[in-house]
Amino acid sequence: MKLENLIILFVAIPMGTGVIGVLLKQRVQIARVLGVLSFLATSALAVGLLVHLRSHPTGILVSQMGAWPAPFGISVVFDSLSGLLLAASSLVALGCYVHSFSTVEPTAEKRYFHALVQLLMFGVNLAFLTGDLFNLFVSFEIMLMASYCLLTFGGTRLQMTQAYKYVLLNLIGSTVFVIGAGLVYGMTGTLNFADLALFVAERQAQGRALPPGFAALSIALLLVFGLKGAIFPLWFWLPDTYYTCNVSIAGLFAGMLTKVGIYAIARTFPMIFAHGGSDAAKIVMPILAISAAFTMFLGVLGAVSHHNIRRILAVHVISQVGYMVFGLALMTQIALAGCLFYMIQHMVVKSCLFLCCGIIERHTGTDDLDRSGGLLRRDWYLALVFFIAAMSLVGLPPLSGFFGKLVIVREGWDTRWWLSIFGLLTGALTLLSMLKIWSYCFWSPQAAAIERTPENLPNRGSLRPAYAGATLLVLVALFLGFGAQPVYEIAFRAGRQLADPDEYIVAVLGPGALDEVAKYRATSAQLAAGRAAEVTP
Amino acid sequence: MTISSPVLRNSMRLILPITLLYAMYAMLKGHHEPGGGFIGGMIFATAICTYRMSHGALAQLRLMPVHPRVLIFLGLGLALGTSVIPLLLGEPFLRSAVGEFHLPFSSHPFHYASAMAFDLGVMLVVVGVGVGMITQLSEELE
Chain B
48 MKLENLIILF
58 VAIPMGTGVI
68 GVLLKQRVQI
78 ARVLGVLSFL
88 ATSALAVGLL
98 VHLRSHPTGI
108 LVSQMGAWPA
118 PFGISVVFDS
128 LSGLLLAASS
138 LVALGCYVHS
148 FSTVEPTAEK
158 RYFHALVQLL
168 MFGVNLAFLT
178 GDLFNLFVSF
188 EIMLMASYCL
198 LTFGGTRLQM
208 TQAYKYVLLN
218 LIGSTVFVIG
228 AGLVYGMTGT
238 LNFADLALFV
248 AERQAQGRAL
258 PPGFAALSIA
268 LLLVFGLKGA
278 IFPLWFWLPD
288 TYYTCNVSIA
298 GLFAGMLTKV
308 GIYAIARTFP
318 MIFAHGGSDA
328 AKIVMPILAI
338 SAAFTMFLGV
348 LGAVSHHNIR
358 RILAVHVISQ
368 VGYMVFGLAL
378 MTQIALAGCL
388 FYMIQHMVVK
398 SCLFLCCGII
408 ERHTGTDDLD
418 RSGGLLRRDW
428 YLALVFFIAA
438 MSLVGLPPLS
448 GFFGKLVIVR
458 EGWDTRWWLS
468 IFGLLTGALT
478 LLSMLKIWSY
488 CFWSPQAAAI
498 ERTPENLPNR
508 GSLRPAYAGA
518 TLLVLVALFL
528 GFGAQPVYEI
538 AFRAGRQLAD
548 PDEYIVAVLG
558 PGALDEVAKY
568 RATSAQLAAG
578 RAAEVTP
Chain Y
16 MTISSPVLRN
26 SMRLILPITL
36 LYAMYAMLKG
46 HHEPGGGFIG
56 GMIFATAICT
66 YRMSHGALAQ
76 LRLMPVHPRV
86 LIFLGLGLAL
96 GTSVIPLLLG
106 EPFLRSAVGE
116 FHLPFSSHPF
126 HYASAMAFDL
136 GVMLVVVGVG
146 VGMITQLSEE
156 LE
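Top to bottom, those sequences are chains B and Y.
When you number the first sequence by the numbering used here, it's gap-free, plus one each residue, and the end is 584.
When you number the second sequence by the numbering used here, it's gap-free, plus one each residue, and the end is 157.
These are calculated hints, taken from the structure and not from any lab test.
None of the values given here were measured: they were computed from a predicted structure.
Do not take every clue at face value.
[Stated by the list, open to error] Cβ-Cβ distance ranges computed for the label pairs, FRET-style:
| id | chain 1 | residue 1 | chain 2 | residue 2 | range |
| --- | --- | --- | --- | --- | --- |
| 1 | B | 355 | Y | 39 | 53 to 61 Å |
| 2 | Y | 151 | B | 205 | 22 to 30 Å |
| 3 | Y | 104 | B | 77 | 28 to 36 Å |
| 4 | B | 236 | Y | 26 | 44 to 52 Å |
| 5 | Y | 19 | B | 77 | 42 to 50 Å |
| 6 | B | 453 | Y | 114 | 56 to 64 Å |
| 7 | B | 254 | Y | 152 | 54 to 62 Å |
| 8 | B | 236 | Y | 71 | 49 to 57 Å |
[What the hints assert, rightly or not] Pulled from the structure, derived: some chain B residues nowhere near chain Y, Cβ distances all over 10 Å:
| id | residue |
| --- | --- |
| 9 | 83 |
| 10 | 328 |
| 11 | 529 |
[As the list claims (entries may be wrong)] Chain B is nowhere near these chain Y residues, computed Cβ spacing over 10 Å in every case:
| id | residue |
| --- | --- |
| 12 | 47 |
| 13 | 51 |
| 14 | 61 |
| 15 | 71 |
| 16 | 124 |
| 17 | 150 |
Note that CB positions come from ideal geometry on N, CA and C, so glycine has one too.
Build the full structure now, drawing on both the sequences and the hints.
In structure tokens form, the structure reads like this:
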């Protein structure tokens, strides 16, 4: 069996499990086992492929659906960028899914919960794999449909109010997205990322301008992806949404949903919509830079001002997204690699924090900081997990967040020093907000004043899956910190391929794809050499 | 909701088989011409729902004695199955096997593709979703 054909399994496995899950509505135990197996399989496949591809010359695997050739059919591409994200997202999904066994209500579990989690991951994985703009839209829709259902499982008034806002906003976003995709097709005659990148590269090599309106299109798509990624000023939907749903689901969303938006920017903007020095880039880059500063700083200010664990964590997602946008705003190879590393580490760490928050809520019956305390003595293991995850988020040196921030901030220092300063300030305030949770929840000596009802009575047995999920994620976070070197090797390759998409284009469209561009490049190089020769005498 | 009209009841005896047949025709035609699993499924679901209007929920249940959920499962399973089988044969996902065979008493060769099974799956899903939604909504009305 050819390796290329296997990559579609990232999509097929969760979809198949989800389909079976529809039938297993009442058989909760079987559905759980199948779900865990599905996430284990995708994680193992992603990690295995990543390790295997380290010696591969380009590290890109392409499968053409139905064997239809590239710009016409659907291409599915597994490169270093998708690979790292798939590995991280599958592991995070596994952790959150296992955690949900102890937090999800039995009634919700019998209402297609297991199928919906699988279908959510089906959408997310498809988004990471797909090689064209329209299928990116489709995968967004699959993911959003599943997320709408998962958000409203309780059916409470508050959930419905928040979900209504969320659905409405995303509908607007999707409409703009599909209009944008249509305009891209009208303007360039293709939707395939590699073909679009080739279109841009060709125009650039010929010294011709991009079609009029291309910049406007970039902005429209930036709006859509920014809305999904919750960047400034499109973040307003996020804190309330994550506040109302089940905590394991909130962890999963915090890990996945914003990253998919950021991934879409990382995939399309450096290669196509803001490729080096085009008119569109001149407009998009300052927007991204300003947005990054506001997203980082205002997000963390919001987090410091809140007094509920879940709200602090949710608002924090926004602030952390800012770092990723910072990496994107620099759009150099190294910054993109840093952005990718930050994405995967944030997925893992933030989900882990949400899972810890779920356990804290079970211990104290609330997530209000004033009413909880003394957890350090009652549950040292939880404290340890939380501390490692929190310090990874802050970026304490041997832990994962440090390596993400280090690369981005250093890379930004020369060109956009003010952004780097914002980044460092944000880091300090992140420390403050994490210490706030730590000192109130774990360190404060007074035992929590809790109303002991049977529901919130901590029961070690029923919490065992929750501990397992959080432990898995904290181990991954530790690996990302102490094993940053191999991960960064893959990330740097991804950054290089994003900034200079030649390898990607050839991998998807075939070896002859760049011939035309190479000819133009050679001519313009000759011309430049000739001009230089004229000038020197 | 049921409409107790003898005109509708009696004409349904004609409308139902013709519509179902047309649904299958639209589904099969879709391989080369406008049509396909989605539109075929929509027509199919419309026929079932109209039958429900004229004859009532019980009669509809007798006509289609499966839960819509099962249809969705079968449809998605069939579609996924046809797409995964090429993987086992070393071909890319969704690759379709094509060929021709001769129907008895016909000189015209019949062109087939394994993508038809995929289309059938789509049709089952659409029927399941369509009938399921209408059933749910009309149960609330009743």
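According to the definition I'm using, a residue is off the interface if its beta carbon is farther than 10 Å from all beta carbons of the partner; does residue 124 of chain Y meet that for chain B? Non-interface label on residue 124 of chain Y holds, nearest chain B Cβ at 23 Å vs cutoff 10 Å.
Does residue 51 of chain Y really sit off the interface, with its C-beta more than 10 Å from all C-beta atoms of chain B? holds, 15 Å
Regarding the assertion that residue 61 of chain Y does not contact chain B, is the least Cβ-Cβ distance greater than 10 Å? Since the minimum Cβ distance to chain B is about 23 Å, residue 61 of chain Y lies beyond 10 Å and the statement holds.
Using the beta carbons of residue 236 of chain B and residue 26 of chain Y, state whether their distance is inside 44 to 52 Å or not. Given about 49 Å between the Cβ atoms, the range holds.
Is it true that the C-beta distance of residue 151 of chain Y to residue 205 of chain B lies inside 22 to 30 Å, as the hint says? holds, 25 Å
Please settle this one: residue 71 of chain Y was flagged as non-interface, so is its CB more than 10 Å from every CB on chain B? holds, 27 Å
If I claimed the Cβ atoms of residue 19 of chain Y and residue 77 of chain B lie 42 to 50 Å apart, would that claim hold in this structure? holds, 45 Å
Take a quick look at residue 328 of chain B and tell me if its Cβ sits farther than 10 Å from every Cβ on chain Y, holds or violated. holds, 35 Å
Is the gap between the beta carbons of residue 104 of chain Y and residue 77 of chain B within 28 to 36 Å? Cβ of residue 104 of chain Y to Cβ of residue 77 of chain B: about 30 Å, so the range 28 to 36 Å holds.
Are all beta-carbon distances from residue 83 of chain B to chain Y longer than 10 Å? holds, 20 Å
Quick check: does the Cβ-Cβ distance between residue 254 of chain B and residue 152 of chain Y fall within 54 to 62 Å? Holds - the Cβ-Cβ distance for residue 254 of chain B and residue 152 of chain Y, about 60 Å, lies within 54 to 62 Å.
Can we trust that residue 150 of chain Y is non-interface, i.e. its beta-carbon lies farther than 10 Å from all of chain B? holds, 16 Å
Hint compliance for this structure: no hint is broken.
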